[in-house]
Each structure stands twice: as structure tokens, then as C-alpha cells.
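Undergrad: Please build the complete structure, drawing on both the sequences and the hints.
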Amino acid sequence: MKILVDADACPKNALQICMELGRKYTVPVWTVASFNHNIVSDHHVVVGDGSQEADIKVLYLTEDKDVIVTQDWGLAAMVLGKKASCISPVGRIFTNDNIEFLLEEREVKAKLRRSGGRTKGPNKRTVQEDTRFYRCLEEILTNAVGLQE
Numbered sequence: 001m002k003i004l005v006d007a008d009a010c011p012k013n014a015l016q017i018c019m020e021l022g023r024k025y026t027v028p029v030w031t032v033a034s035f036n037h038n039i040v041s042d043h044h045v046v047v048g049d050g051s052q053e054a055d056i057k058v059l060y061l062t063e064d065k066d067v068i069v070t071q072d073w074g075l076a077a078m079v080l081g082k083k084a085s086c087i088s089p090v091g092r093i094f095t096n097d098n099i100e101f102l103l104e105e106r107e108v109k110a111k112l113r114r115s116g117g118r119t120k121g122p123n124k125r126t127v128q129e130d131t132r133f134y135r136c137l138e139e140i141l142t143n144a145v146g147l148q149e
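Just so we're aligned, residue 1 is where the sequence shown starts under the numbering used here, counting upward by one.
No lab work stands behind these hints, which were simulated from the structure alone.
Glycine is no exception: its CB is placed at the ideal position from the N, C-alpha and C atoms.
Accuracy of the hints is not assured; some may be wrong.
[Stated by the list, open to error] Straight-line Cα separation of at most 25 Å, SDA-like style, residue types lysine to any residue; simulated pairs:
#1 Lys2 to Ser34
#2 Lys111 to Ala9
#3 Lys2 to Val45
#4 Lys124 to Gln16
#5 Lys24 to Thr131
#6 Lys82 to Glu139
#7 Lys24 to Gly48
#8 Lys2 to Val90
#9 Lys2 to Asp130
#10 Lys2 to Gly48
#11 Lys12 to Glu53
#12 Lys65 to Thr142
#13 Lys57 to Val40
#14 Lys82 to Ile140
#15 Lys2 to Tyr60
#16 Lys124 to Leu15
#17 Lys57 to Met19
#18 Lys82 to Leu112
#19 Lys57 to Val46
#20 Lys124 to Pro28
#21 Lys111 to Lys65
#22 Lys65 to Ala144
#23 Lys65 to Val145
#24 Lys12 to Asn38
#25 Lys2 to Asp72
#26 Lys124 to Thr142
#27 Lys120 to Ala144
#28 Lys124 to Leu112
#29 Lys83 to Arg132
#30 Lys24 to Arg135
#31 Lys12 to Leu112
#32 Lys65 to Thr119
#33 Lys2 to Glu104
#34 Lys111 to Ile140
#35 Lys2 to Lys12
#36 Lys124 to Arg113
[Said to hold, decoys possible] FRET-style restraints, in silico, Cβ to Cβ:
#37 Val40 to Gly116: 35 to 45 Å
#38 Arg114 to Asp42: 32 to 42 Å
#39 His43 to Lys111: 34 to 44 Å
#40 Lys109 to Lys83: 41 to 51 Å
TA: If you want it as C-alpha cells, here you go:
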């Protein structure tokens with residue numbers, strides 16, 4: 001089991017939380033990012049700067065029981081298919097029950113943008129998001145480590 005972070009767009013606070021909880025639960029943390037990012041990690045994988053290279057590498061490295069941290073709903077859907085847990089850096093836990101709705105929402109927004117419309121970008125990261133991410137990731141790790149014992 002490992003924590004695998006799609007680090008191209010992962011906020012620094014979320015990455016630090018992954019490192020902290022990885023140490024606490026003795027779970028290795030792997031990061032994947034393009035060469036454009038300066039990531040310090042014991043297990044860092046550098047990929048090119050193509051639009052989906054980090055996502056493809058994360059998917060390739062994912063095994064069942066891993067915990068994937070990503071903002072990408074499409075990647076989340078694929079890693080769920082590999083029996084991995086998946087969480088966003090703001091603490092949204094992706095499940096087989098909610099991923100279909102999220103993918104439909106993503107398609108509606110993409111359609112709006114293609115027709116010239118605009119969608120709102122993310123807000124500035126808050127302390128509440130850090131707290132929620134910490135709590136949710138710790139819950140996933142507690143349950144996963146408990147199952148291994």
C-alpha cells in the first residue's frame with residue numbers, strides 16, 4: 001500500500017499532510033509530476049509536460065489498496081476501477097457511488113466552456129480544506145491499515 005499523489009496540481013499544504021500521515025502510518029508516499037515542478041519526496045517520479053502524462057503514470061503505478069490523491073475526476077474514476085481509494089486535496093472522497101455524477105457535471109461544464117461560456121475556477125485554499133483533507137485521509141489510512149493487520 002502507498003499514497004500516490006498526482007502532484008502536478010496538488011497544493012503544498014495537502015502534499016505536506018500526505019507526508020505527515022504517511023510517516024504516522026508507515027505508508028510510503030509517491031509523487032508524480034512533470035519536470036516543471038520542484039517536488040521533494042522520497043519516491044518522486046518525473047514525467048514530461050504533456051497534458052495527461054502525470055495522470056497516465058499515476059494510473060500505471062496504482063495498485064489495489066493504494067490511496068490516490070488527485071483533483072482529476074477522470075483519473076479518480078479510473079483508479080477506483082483498480083480498487084484503490086481516492087481523495088481530492090480538499091477532502092472529497094471519491095467513491096463508486098459519487099463518481100458518475102461528478103463525471104456528468106464535468107461534461108456539462110466542458111460543454112458550456114466549448115460554447116463560449118465561462119465556469120468559475122477554484123477559490124483560494126482555506127484552513128478548513130486542510131483540516132478536512134487531513135481528517136478524511138487519516139480516516140482512509142486508519143481503515144486501510146486496520147484491514148491489513
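Undergrad: Each hint needs a verdict: does it hold in this structure or not?
TA: Hints, verified against the model:
1. Between Lys2 and Ser34 the alpha-carbon distance is near 20 Å, which keeps this suggested pair within the 25 Å criterion.
2. Between Lys111 and Ala9 the alpha-carbon distance is near 23 Å, which keeps this suggested pair within the 25 Å criterion.
3. Restraint check: the Cα-Cα separation between Lys2 and Val45 comes to about 14 Å, which is no more than 25 Å; the hinted pair holds.
4. Only pairs whose Cα atoms come within 25 Å are accepted, and Lys124 paired with Gln16 is accepted, the gap being roughly 17 Å.
5. For the hint pairing Lys24 with Thr131, the CA-to-CA distance comes to about 16 Å; that is within 25 Å, so the pair holds.
6. Taken as a hint, the Lys82 and Glu139 pair is honoured in the structure, with Cα atoms around 20 Å apart against an allowance of 25 Å.
7. Simply put, Lys24 and Gly48 have alpha-carbon atoms about 31 Å apart, too far for the 25 Å limit, and the pair is violated.
8. A threshold of 25 Å between alpha carbons decides the hint, and for Lys2 with Val90 the separation of about 19 Å falls inside it, so the pair holds.
9. Our distance criterion of 25 Å between C-alpha atoms is met by Lys2 and Asp130, whose separation comes to about 20 Å.
10. Distance restraint check for Lys2 and Gly48: the Cα-Cα separation of roughly 23 Å lies within the 25 Å cut-off, and the hinted pair is therefore satisfied.
11. Of the pairs offered as hints, the one joining Lys12 and Glu53 holds, with about 20 Å between alpha carbons and a cut-off of 25 Å not exceeded.
12. In summary, the hint linking Lys65 to Thr142 is supported, as the alpha carbons are separated by about 12 Å, within the 25 Å threshold.
13. Proximity of Lys57 to Val40 is assessed by CA-CA distance (about 18 Å); at most 25 Å being required, the pair is judged to hold.
14. Distance check on the hinted pair: Lys82 and Ile140 sit about 16 Å apart at the alpha-carbon level, within 25 Å; holds.
15. Annotation: proposed proximity of Lys2 to Tyr60 holds, straight-line Cα distance about 13 Å (limit 25 Å).
16. Restraint check: the Cα-Cα separation between Lys124 and Leu15 comes to about 16 Å, which is no more than 25 Å; the hinted pair holds.
17. At most 25 Å may separate the alpha-carbon atoms for a hinted pair to count; Lys57 and Met19 meet this at roughly 20 Å.
18. Using a Cα cut-off of 25 Å, the hinted pair Lys82 and Leu112 is violated, with the two alpha carbons roughly 31 Å apart.
19. Restraint check for Lys57 and Val46: the C-alpha separation of about 9 Å stays at or below 25 Å, so the hint holds.
20. Taken as a hint, the Lys124 and Pro28 pair is broken in the structure, with Cα atoms around 29 Å apart against an allowance of 25 Å.
21. A hinted pair counts as satisfied when its Cα atoms are at most 25 Å apart, and Lys111 with Lys65 does not qualify at roughly 34 Å.
22. Under the criterion of a C-alpha separation no larger than 25 Å, the hint pairing Lys65 with Ala144 is consistent with the structure, at around 7 Å.
23. A C-alpha spacing of about 10 Å is found between Lys65 and Val145, which places the hinted pair at or below 25 Å, so the restraint holds.
24. With a C-alpha separation of about 11 Å, the suggested pair Lys12 and Asn38 falls inside the 25 Å cut-off, and the hint holds.
25. Of the pairs offered as hints, the one joining Lys2 and Asp72 holds, with about 19 Å between alpha carbons and a cut-off of 25 Å not exceeded.
26. Using a Cα cut-off of 25 Å, the hinted pair Lys124 and Thr142 is violated, with the two alpha carbons roughly 29 Å apart.
27. For the proposed pair Lys120 and Ala144, the alpha carbon gap of about 35 Å is over 25 Å, so the pair is violated.
28. Only pairs whose Cα atoms come within 25 Å are accepted, and Lys124 paired with Leu112 is accepted, the gap being roughly 23 Å.
29. A hinted pair counts as satisfied when its Cα atoms are at most 25 Å apart, and Lys83 with Arg132 qualifies at roughly 23 Å.
30. Of the pairs offered as hints, the one joining Lys24 and Arg135 holds, with about 13 Å between alpha carbons and a cut-off of 25 Å not exceeded.
31. Restraint check for Lys12 and Leu112: not satisfied, since their Cα atoms lie roughly 30 Å apart, outside the 25 Å limit.
32. Among the hinted pairs, Lys65 with Thr119 is inconsistent with the structure: their alpha-carbon atoms are about 34 Å apart, more than 25 Å.
33. Distance hint between Lys2 and Glu104 is unfulfilled; the C-alpha atoms sit about 29 Å from each other, more than 25 Å.
34. Of the supplied pair hints, the one linking Lys111 and Ile140 is violated, its CA atoms being roughly 34 Å apart against a limit of 25 Å.
35. The straight-line distance between the Cα atoms of Lys2 and Lys12 is roughly 19 Å, inside the 25 Å bound, and the hint therefore holds.
36. With a C-alpha separation of about 22 Å, the suggested pairing of Lys124 with Arg113 holds against the 25 Å cut-off.
37. Separated by about 41 Å at the C-beta atoms, Val40 and Gly116 satisfy the suggested range of 35 to 45 Å.
38. Our hint of 32 to 42 Å for Arg114 and Asp42 holds, since their Cβ atoms are close to 41 Å apart.
39. Our hint of 34 to 44 Å for His43 and Lys111 holds, since their Cβ atoms are close to 38 Å apart.
40. Distance hint check for Lys109 and Lys83: the Cβ-Cβ separation is about 28 Å, which falls outside the suggested range of 41 to 51 Å.
Of the hints listed earlier, those the structure fails to meet are numbers 7, 18, 20, 21, 26, 27, 31, 32, 33, 34, 40, in rising order.
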